[in-house]
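Number of protein chains: 2
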Amino acid sequence: MKLATLKDGSRDGRLMLVNRQLTAMTEAGAAATMQQLIENWDELAPQLEARNSALNNSEWAGAEAFDPARLMAPLPRAYQFVDASSFLNHGKIMEQAYNLSVKKTPGIPILVQRQGDDFVNAVDDYAFPTEADQCDFEGEIAVILDDVPAGVTLENAESHIKLFTLINDVSMRGHLFRELQMGFGLINAKPATTFAPVACTLDELGDSFANGRVNLDMVVHRNHQWFGNPNGREMDFSFAELISHWAYNRNLGAGTVLGTGTFSNAGYREVGSACLAERRAVEVIDTGESTTPFIQYGDSLQFEMFASDRSSLFGKIDQTFVAGNGTGPRTKPVAANSRNGEVC
Amino acid sequence: MKLATLKDGSRDGRLMLVNRQLTAMTEAGAAATMQQLIENWDELAPQLEARNSALNNSEWAGAEAFDPARLMAPLPRAYQFVDASSFLNHGKIMEQAYNLSVKKTPGIPILVQRQGDDFVNAVDDYAFPTEADQCDFEGEIAVILDDVPAGVTLENAESHIKLFTLINDVSMRGHLFRELQMGFGLINAKPATTFAPVACTLDELGDSFANGRVNLDMVVHRNHQWFGNPNGREMDFSFAELISHWAYNRNLGAGTVLGTGTFSNAGYREVGSACLAERRAVEVIDTGESTTPFIQYGDSLQFEMFASDRSSLFGKIDQTFVAGNGTGPRTKPVAANSRNGEVC
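Just so you know, the sequences run in chain order A and B.
Going by the working numbering, the residue at position 1 of the first sequence is 1; the numbering climbs one at a time, nothing skipped.
Remember, the working numbering sits 344 above the position in the second sequence when you count from 1.
Rather than coming from a laboratory, the hints here were simulated on the basis of the structure.
Ideal Cβ placement from N, Cα and C applies to all residues, glycine included.
You may find that some hints are simply not true.
To be verified - For each label pair, taking beta carbons as the anchor points, the in silico distance ranges come out as:
hint: 1; chain 1: B; residue 1: Asp386; chain 2: A; residue 2: Pro149; range: 34 to 42 Å
hint: 2; chain 1: B; residue 1: Asn443; chain 2: A; residue 2: Thr292; range: 51 to 59 Å
hint: 3; chain 1: A; residue 1: Gln181; chain 2: B; residue 2: Arg613; range: 45 to 53 Å
hint: 4; chain 1: A; residue 1: Val322; chain 2: B; residue 2: Ala610; range: 57 to 65 Å
hint: 5; chain 1: A; residue 1: Pro149; chain 2: B; residue 2: Glu393; range: 20 to 28 Å
hint: 6; chain 1: B; residue 1: Gly611; chain 2: A; residue 2: Pro149; range: 40 to 48 Å
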């Protein structure tokens, strides 16, 4: 089952069913919003199946054309959002390039608490205040959870994953190192997050979900030119391992979002990267300096993931970055530092 | 105006009006939930005034007895929660006691992204998995914001504060140092947050809100014995300064919660502290070792703040800490470290 949320002027939008080919969509009916569906999954999800089946068989009279521009993020806002950094290869490259050392504890994943509002849809322009903030992207898979009780076991954690989607975890590298050094996490370094137009259930992934990981390529283009296609199978922690560590002493409410962290593979010289910072780090390792620029106003980014049958799983993030965001003058940005900024 | 949320079996509860003396409450009527009120403040808040006036004049027939046990957190869940560390005196004591250095940038506040769900009411038991996690409290004021546009100016930031309340930012010191060292913020160190039963509008604070700060004592008792009463006037950053830095490049959605960080005063030897870690640090400075224990199962904590007329502004947090929380076995807790744990 594939789901999306229609812009209807409200903060939570209207839940839509989308067909597998991403050509048609219609109101879900049984659930008004994604949050309502997640909170009542066992009761409501089965009620969507008849209409979903008709939509996929082109037998649903109420179907309209699938249009990402009319959609919000699949879950427009969430009561909790944590982003992991579960591909350790990415950190290794960053630490090698900049002689850094992140004090990790073996077996314990890096999880970053994030804001659950200000989620951006897949094709609207993304505005940010100044190129000096060193705007970067991170291609990730995100899962949406139902209620996870504190202390959930490793064995039970995966069953709480209800939906999968794709995100661009937009990062402002010019603020990252200063905030990391303080130790209290990321604020100015992590503004709004962009979501693919569609979220899908586990069965849509088929055999591609194995070993607690999405074994598919994250296909990333910058200005429609190939940038990388690292694969999800190299996650150093499974979703279950991330969830069980996170929920050790807290409940995770229905609608909680978990990101994998930027995709990164050991074979990065062949498959490329899913963020600029990693490519810039490789350039530093190879030549001593970075030549790939951070996001400039007018740049566009494309992210997509394809099922084994080559169909697009979540639709495409295709977004242009522009000047602006917010009203009137901002607090003075901290001076960016092109090298120190590029941690993680 | 004083507001609370009644437990009604739903996730968001039912919005209640509470009289100034905290003796009577009744359904708000015009708004069903706190989130709905905050999202439509300018339209709905005026509609509550007639009933609020009648309630305060004992002329409202529908009034029932105020009962904290029947209430949830005033806002039971939020799309964004950030906790500041705006009393620098607290950090100075911690750094002196443990020879630590937090790499702060002058003029830039410490803000910690936190989870907006799993908010706990004022009098329900608080369960945590093991005393080895070094359970601590932090007495803070929290404000609830309406929609704050990215780039909000310092001048406009304060106008987005709609409500004030009191929180115990429960902290697990045994996980704190490990998580701070990684740099990515706090997860196991910061489980569920406890809220006072009542939130109130600015006018209830009267002259006590000045210079962008709540100039009142945070009265803290442990097991009904005085622990401290530091004053809010010593915040090193005003609420407006915290909000404008935070919203530099992101929108804050209606219902966003901002905590001040644990109250801490330069005159801590007279007024005491609002958390155990700070008292333990003073003991280390004075004698080389801490003697005040972290929260033990069975301990209770009381937090309250009084208006200039000595009335209780938010009602009292009076909570007992117990073993448990969650279902079944947990992931193995990281070994606690009684000294390294006590940063911030």
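Verification of the supplied hints:
1. B/Asp386 to A/Pro149: 34 to 42 Å: holds, 39 Å
2. B/Asn443 to A/Thr292: 51 to 59 Å: Cβ of B/Asn443 to Cβ of A/Thr292: about 41 Å, so the range 51 to 59 Å is violated.
3. A/Gln181 to B/Arg613: 45 to 53 Å: violated, 31 Å
4. A/Val322 to B/Ala610: 57 to 65 Å: violated, 47 Å
5. A/Pro149 to B/Glu393: 20 to 28 Å: violated, 41 Å
6. B/Gly611 to A/Pro149: 40 to 48 Å: The hint (40 to 48 Å, Cβ to Cβ) holds, given that B/Gly611 and A/Pro149 are roughly 43 Å apart.
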